[in-house]
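Letter by letter, the chains look like this.
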Amino acid sequence: GDSVTQKQGQVTLSEDDFLFINCTYSTTTYPTLLWYVQYLGQGPQLLLKVTTANNKGISRGFEATYDKGTTSFHLQKASVQESDSAVYFCALVNSGTYQRFGTGTKLQVVP
Amino acid sequence: ETAVFQTPNYHVTQVGNEVSFNCKQTLGHDTMYWYKQDSKKLLKIMFSYNNKQLIVNETVPRRFSPQSSDKAHLNLRIKSVEPEDSAVYLCASSYLGENTLYFGAGTRLSVL
Chain W
1248 GDSVTQKQGQ
1258 VTLSEDDFLF
1268 INCTYSTTTY
1278 PTLLWYVQYL
1288 GQGPQLLLKV
1298 TTANNKGISR
1308 GFEATYDKGT
1318 TSFHLQKASV
1328 QESDSAVYFC
1338 ALVNSGTYQR
1348 FGTGTKLQVV
1358 P
Chain P
15 ETAVFQTPNY
25 HVTQVGNEVS
35 FNCKQTLGHD
45 TMYWYKQDSK
55 KLLKIMFSYN
65 NKQLIVNETV
75 PRRFSPQSSD
85 KAHLNLRIKS
95 VEPEDSAVYL
105 CASSYLGENT
115 LYFGAGTRLS
125 VL
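These protein sequence lines map, in sequence, to chains W and P. Going from the first sequence to the numbering used here is simple: count from 1 and add 1247. Going from the second sequence to the numbering used here is simple: count from 1 and add 14.
Any given hint could be a false lead.
[Unchecked claim] No more than 30 Å apart at the CA atoms, straight line, and that leaves these computed lysine-lysine pairs for DSSO-like:
hint, chain 1, residue 1, chain 2, residue 2
1, W, Lys1353, P, Lys93
2, W, Lys1353, W, Lys1315
3, P, Lys55, W, Lys1296
4, P, Lys50, P, Lys38
5, W, Lys1315, P, Lys58
6, P, Lys55, P, Lys38
7, W, Lys1324, P, Lys58
8, W, Lys1296, P, Lys38
9, P, Lys58, W, Lys1296
10, W, Lys1254, P, Lys55
11, W, Lys1303, P, Lys58
12, P, Lys66, W, Lys1296
13, P, Lys85, P, Lys66
14, P, Lys50, P, Lys85
15, W, Lys1296, W, Lys1324
16, P, Lys38, P, Lys85
17, W, Lys1296, W, Lys1254
18, P, Lys54, W, Lys1254
19, W, Lys1324, P, Lys54
20, P, Lys85, W, Lys1353
21, W, Lys1303, W, Lys1254
22, W, Lys1296, W, Lys1315
23, P, Lys85, W, Lys1296
24, W, Lys1353, P, Lys66
25, P, Lys93, P, Lys66
26, P, Lys55, P, Lys85
27, W, Lys1353, W, Lys1296
28, P, Lys38, P, Lys54
29, W, Lys1353, P, Lys50
30, P, Lys93, P, Lys58
31, W, Lys1296, P, Lys54
In short, the hints are calculated from the structure, not lab data.
Given only the sequences and the hints, what does the whole structure look like? Please build it.
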């Protein structure tokens, strides 16, 4: 079945550091890939999504590239801020099914 | 701007009690979901309704029952809570076939 893997449980960075959060997926089709962000006390909200292989999603300085060859959808940001501290979820969805989420990566950015 | 409203925000109860959580969305979506988020932040789908019809029912204990009066409301009842039910219950909505989920802030359940 479909699955999403996030190996990093927690990432701690200083402001202006480069962010990289790993996400790989497993499916037999061409899914839509998404990143959600969950701030403390809130529900997850969509950060970005990509529906076509080899395309890139960009939002609020974050970007992720749909790599069908390596089945990855890593999240990156050039320079993080303290306000980016949150939990980040990678997810995939195939037509006619529900979204499957990764286990989440908690990002802590210290000033 | 909040468009998926969940009540209550927080509920504490004892083992064996019945609890009910409410969810309403004002986005005009036709599909609503309940997800369970455990203490490790893991998100698991429980149920999904499209236009009041159940379309997804994952492996969930029978003490959980969703209730939908119309496409804008999806409630969740737990008949006899157990300690492992302690979690945050997140309601979400979308258009069927649309890939973006809109989540509420969640209801945190603590079972003593």
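Broken hints, by number = Violated: hints 1, 20, 24.
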